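J.: Given next are the chains, with one letter for each unit.
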Amino acid sequence: MLLIEDLQVELAEKTILKHIDLEIKPGETHALFGPNGSGKTSLLMTIMGYPQYKVTGGKIVFKGVDVTHSPINERAELGIGMSYQRPPTINGLKTRQMVEICSKDKKVNVEALAEAVNFNSFLERDINAGFSGGEIKRSELLQLMAQRADLMLFDEPESGVDMENMVLVGETIAELLQKECRSTPTKSMAQVRRERTKMGLIITHTGYILDYVPVDKAQLLYNGVLSCSSNPREILNCIGEMGYEECVRCTLEKR
Amino acid sequence: MYTREEIKQKAEKALDKKAAIGPDVDLNQFATSFVPHEYLSDEGMLALPEEEKQRLLLSGVDVTEKERGGTYIQMDTTVVHCKTKQEGIEVIPIKKALEEHPWVREYYWKLVAPDADKYTAAAEMNLHDGYVIRALPGTKSIYPIQACLYIGKEGLQQNVHNIIIAEEDSELHIITGCSTSPHLKKGAHVGISEFYVKKNAKLSFTMIHNWAEDMMVRPRSVGQVEEGGLFLNNYICMKPVKSLQMYPTTHLIGDNAVARFYSVIVGSPGSEYDVGGRIYLKKPGTRAEIVARSITNGATIINRGDLIGEVPDIKAHLECRGLLLKGGVMHAIPELRGLADGVEMSHEAAVGKIAQDEIFYLMSRGLSEDEATSTIVRGFLSLDIPGLPAQLKAEIDKAIELSKDVM
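Sequences listed follow chains A and B, in order. In terms of this note's numbering, the first sequence has 145 at position 145, counting the first letter as 1, and numbering is strictly consecutive. In terms of this note's numbering, the second sequence has 212 at position 212, counting the first letter as 1, and numbering is strictly consecutive.
These are computed hints drawn from the structure, not numbers from a lab. Heads up, a few of these hints could be off.
27 Å max Cα-Cα, derived DSS-like pairs, lysine-lysine [what the hints assert, rightly or not]:
(1) A:K54 to A:K106
(2) B:K398 to A:K107
(3) B:K398 to B:K353
(4) B:K110 to B:K10
(5) A:K54 to A:K14
(6) A:K94 to A:K63
(7) A:K217 to A:K25
(8) A:K54 to B:K353
(9) A:K104 to B:K398
(10) A:K94 to B:K96
(11) A:K94 to B:K393
(12) B:K326 to B:K186
(13) A:K106 to A:K94
(14) B:K85 to B:K96
(15) B:K398 to A:K94
(16) A:K198 to A:K59
(17) A:K217 to A:K63
(18) B:K66 to B:K186
(19) A:K94 to B:K326
(20) B:K242 to B:K153
(21) B:K186 to B:K140
Fair warning: this is a prediction, and the values are worked out from it, not measured in the lab.
My request is simple: use the sequences and hints to build the entire structure.
T.: Set out below in structure tokens:
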């Protein structure tokens, strides 16, 4: 479980996240909406542990461990993983090596994993070097597949992805988050669902990803405040009809 | 062409001539008298002390000669092992070659001027030895030839002259190491190299330097590539040196000739490197590329690159990247000179530190900060060299891997 309590965050001495409370239970995936600059990526980066996002109040607890001030790699080892929107290029580091780094001691078949996201022809290329939007997404998903994180943070997984790849990206995320579960001879569907452990937090502007990944809840971040927490479709419809203007009122109410 | 006597006279006049660039070295502080060594049989090479074998291996020289097409080893001033294992490929000590094979005269001091500076002059006035390696027309080297210039005597100035010839349609691969005894402190190395890549020939020359802390090193090399030829020049230096200055030059004199220079330098504290590459593109369709990667841990590294496009329809690119890890100076001097309409020349140079976002990215995949840093450094140093045999690529990777401790 991820538990965030009264989190306050500064970036370059400016408060960018205010009194955030968020709880994601095992098996749950939340969508994160909000206008540009509202703090969505900052929230993900803070959960991942990027030190420039300075926590000035509150705490982040994952699997019962207070990670508020833990370095990035300790959080990764605990099972937090991230799919970046614009990851840096690392010259001379092959995609294959990156996947091996992600898998650490676990034995993975890099080719088989890459096959699943149609990425075999990129394994010998430097990671992210000259990758298109869609290629970056597939590369990030491949890394998460190898990493087998328990909490996965997705920063705009559908941006820059064409229609054809959207299906692949959407279905892969659903798979990663155990949303595509099936009953087995010994386990009923209800039991399989109950035993899901993976957690997700997905930033999305368009909501396209929701066509592939059923999310349990949606959060709306406005100006650094989680102003709304509700059914994802309801929030999307609300934004569609009234725009983010309405969030101002809701934010005021929340205070 | 000059006679031997004329060459001597020219050299003599230049004995005190300072080099155009780089700190001046007082050569009087070194001894140049001959140091006798016994010739080593194959068994003799295998019986070398383990420490020395390891030292040789670091420079790419394998005393077992497995997967090598030939060997030249010079200790101090004396040739201790010289042989070829492949028909059509010749490996001859240069002194012997000058005496017994008149054709060598056609190549001797033809590209490098004997009076260029005091170092070229010293190599002529007091030549110790060196190698002539030649692939006969149409011969393709199966395994690379290995050559090693080794200094064991304290305070020695080693003067060598090498000539490398890839005849028409041949393919020649050479791995050469310069190294010193693990106990050596002070010495100097003056090395003249002349490269001839003939029509449609391919030459790869991979040089690994392992010097000692108080070594002065002054290589002087010039190459020329004829029509359709390819010259691949790789340089690796991961160990300390007092002062290393070189500016190898190549002339592309035939249509569609190609030269590529790759260098990897890791500079230790107190070491001074002034290195570069200069390529003249003199015929249409010629291509040149210079790629330099350097890291300083407290060294001063000057990285030069100079591309000169003399005619239309040439392409040249220079890429110079430097990382400052633990102090030092990194000075990139990329130069492009276009002398005709229709040249296509570009360069990119970057000097800086490891980007934080790259470290964090790797940490979010589970690496510690130190592991992330060394992963990025290793990536930075790993070069994709098109056309290099996999075996030589492996040698370069090994040299970099074995030298991790300096990073």
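J.: Compare the structure with each hint and give your call.
T.: To see whether the hints hold, each was checked on the structure:
1. A:K54 to A:K106: violated (33 Å)
2. B:K398 to A:K107: holds (25 Å)
3. B:K398 to B:K353: holds (25 Å)
4. B:K110 to B:K10: Distance of about 13 Å is within 27 Å: holds.
5. A:K54 to A:K14: The given pair, whose Cα atoms are some 10 Å apart, holds under the 27 Å limit.
6. A:K94 to A:K63: Measuring from Cα to Cα gives roughly 32 Å; hence the hint is violated.
7. A:K217 to A:K25: Within the cut-off at roughly 11 Å; holds.
8. A:K54 to B:K353: With Cα atoms ~23 Å apart, K54 of chain A and K353 of chain B stay inside 27 Å; holds.
9. A:K104 to B:K398: holds (23 Å)
10. A:K94 to B:K96: Since the Cα atoms of K94 of chain A and K96 of chain B sit roughly 48 Å apart, the hinted pair is violated (cutoff 27 Å).
11. A:K94 to B:K393: Given pair K94 of chain A, K393 of chain B holds - Cα atoms ~16 Å apart, limit 27 Å.
12. B:K326 to B:K186: holds (25 Å)
13. A:K106 to A:K94: Holds, at roughly 19 Å.
14. B:K85 to B:K96: This hinted pair holds, its Cα atoms lying about 19 Å apart.
15. B:K398 to A:K94: holds (18 Å)
16. A:K198 to A:K59: Holds, at about 21 Å.
17. A:K217 to A:K63: Between K217 of chain A and K63 of chain A the Cα gap is close to 20 Å, so the pair holds against 27 Å.
18. B:K66 to B:K186: violated (32 Å)
19. A:K94 to B:K326: Judged against 27 Å, a Cα distance of about 26 Å means the pair holds.
20. B:K242 to B:K153: Holds - the C-alpha atoms of K153 of chain B and K242 of chain B are around 17 Å apart, at most 27 Å.
21. B:K186 to B:K140: violated (39 Å)
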